[in-house]
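Colleague: Sequence:
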Amino acid sequence: MIDFFPTEHISSSCKRKFGICDRPAPAAEKAYIAEKQGQDWIAAVDNHYRLKVNFVPVDHCIELRKADGKMDNRCDGCLFYEDTIIFVELKQRKSKGSQWIKDGEQQLRSTIGYFEQQEEARNFPIKKACIANSERPLFRTGQAVRMERFFLETNYILRIENRINIE
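Residue numbers (our numbering): 1018 to 1184.
Hints are supplied without guarantee of correctness; some may be wrong.
The calculated lysine-lysine pairs, modelled on DSSO-like cross-linking and capped at a C-alpha distance of 30 Å, are [stated by the list, open to error]:
(1) K1069 with K1053
(2) K1111 with K1034
(3) K1145 with K1069
(4) K1113 with K1032
(5) K1087 with K1069
(6) K1111 with K1047
(7) K1053 with K1144
(8) K1034 with K1087
(9) K1047 with K1113
(10) K1144 with K1083
(11) K1111 with K1053
(12) K1087 with K1145
(13) K1144 with K1119
(14) K1144 with K1034
(15) K1145 with K1113
(16) K1034 with K1083
(17) K1083 with K1047
(18) K1087 with K1053
(19) K1145 with K1083
(20) K1144 with K1047
(21) K1144 with K1087
Restraint ranges, calculated between C-beta atoms of paired labels, are given here [what the hints assert, rightly or not]:
(22) E1046 with N1071: 18 to 26 Å
(23) G1114 with T1024: 38 to 46 Å
(24) G1055 with K1111: 13 to 21 Å
(25) K1113 with P1023: 34 to 42 Å
(26) R1139 with E1184: 15 to 23 Å
Simulated from the structure, these hints should not be mistaken for lab results.
Glycine included, every Cβ here is placed at the ideal spot set by N, Cα and C.
Put together the whole structure using the sequences plus the hints.
Modeller: Set out below in structure tokens:
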């Protein structure tokens, strides 16, 4: 059994707006939430109703190992509140093309695959995933087919944008 909610790593915010940050590679640090607006935000979280939103880093915090013992792909973290969970992959790339989207999708799929094997997955009927890129903040409508396929295969709603709405 994998503990996706290690209490010592969970942080939370009730702020109307806060950000999710991650240090660029090669720093082996966990993603974190920041309440003061700054240039470190990769994803902005809009929490209109000021709900208590929890965040737990996954990368550099939760071990997801393949059958051969090697570390598997992991997303940066997840937000969770009430009956909703949102897995988040953070990118900081200006590159043209969609390789960063493909990489992010693979990291989300891997993490979600492990999470869905856990008993806790049943506690969240609303399931979402987000790939956020601070350098490419505009939503790419050309990814509609990818997002539809992601939903059909994982039952998670995928968004590719650096704004996360808490509803």
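Colleague: Compare the structure with each hint and give your call.
Modeller: Going down the list of hints, with the structure as the test:
This hinted pair checks out: K1069 and K1053 have alpha carbons roughly 17 Å apart, not beyond 30 Å. Between K1111 and K1034 the CA atoms are separated by roughly 25 Å; this keeps the pair inside 30 Å, and the hint holds. Restraint check for K1145 and K1069: the C-alpha separation of about 17 Å stays at or below 30 Å, so the hint holds. The straight-line distance between the Cα atoms of K1113 and K1032 is roughly 34 Å, outside the 30 Å bound, and the hint therefore fails.
Annotation: proposed proximity of K1087 to K1069 is violated, straight-line Cα distance about 35 Å (limit 30 Å). Of the supplied pair hints, the one linking K1111 and K1047 holds, its CA atoms being roughly 22 Å apart against a limit of 30 Å. Straight-line distance between C-alpha atoms of K1053 and K1144 comes to about 27 Å, which keeps the hinted pair within the 30 Å bound. With a C-alpha separation of about 37 Å, the suggested pair K1034 and K1087 falls outside the 30 Å cut-off, and the hint is violated.
About 26 Å separates the Cα atoms of K1047 and K1113, which keeps this hinted pair within 30 Å; it holds. Of the supplied pair hints, the one linking K1144 and K1083 holds, its CA atoms being roughly 24 Å apart against a limit of 30 Å. Restraint check for K1111 and K1053: satisfied, since their Cα atoms lie roughly 24 Å apart, inside the 30 Å limit. At roughly 27 Å between alpha-carbon atoms, K1087 and K1145 fall within 30 Å of each other, so this suggested pair holds.
Distance restraint check for K1144 and K1119: the Cα-Cα separation of roughly 20 Å lies within the 30 Å cut-off, and the hinted pair is therefore satisfied. Using a Cα cut-off of 30 Å, the hinted pair K1144 and K1034 holds, with the two alpha carbons roughly 21 Å apart. Restraint check for K1145 and K1113: the C-alpha separation of about 26 Å stays at or below 30 Å, so the hint holds. With a CA separation close to 37 Å, the supplied pair K1034 and K1083 exceeds the 30 Å bound.
Our distance criterion of 30 Å between C-alpha atoms is met by K1083 and K1047, whose separation comes to about 21 Å. A C-alpha spacing of about 37 Å is found between K1087 and K1053, which places the hinted pair above 30 Å, so the restraint is violated. Between K1145 and K1083 the CA atoms are separated by roughly 24 Å; this keeps the pair inside 30 Å, and the hint holds. Under the criterion of a C-alpha separation no larger than 30 Å, the hint pairing K1144 with K1047 is consistent with the structure, at around 22 Å.
For a cut-off of 30 Å, the pair hint linking K1144 to K1087 stands: about 27 Å separates their Cα positions. Distance hint check for E1046 and N1071: the Cβ-Cβ separation is about 19 Å, which falls inside the suggested range of 18 to 26 Å. About 40 Å separates the C-beta atoms of G1114 and T1024, a value consistent with the hinted range of 38 to 46 Å. Roughly 19 Å separates the CB atoms of G1055 and K1111, a value that falls within the hinted 13 to 21 Å.
K1113 and P1023 have their C-beta atoms about 38 Å apart, which keeps the hinted 34 to 42 Å range intact. Checked against the given bound of 15 to 23 Å, the beta carbons of R1139 and E1184, roughly 21 Å apart, stay inside it.
The structure fails hints 4, 5, 8, 16, 18 (numbered hints given earlier, in ascending order).
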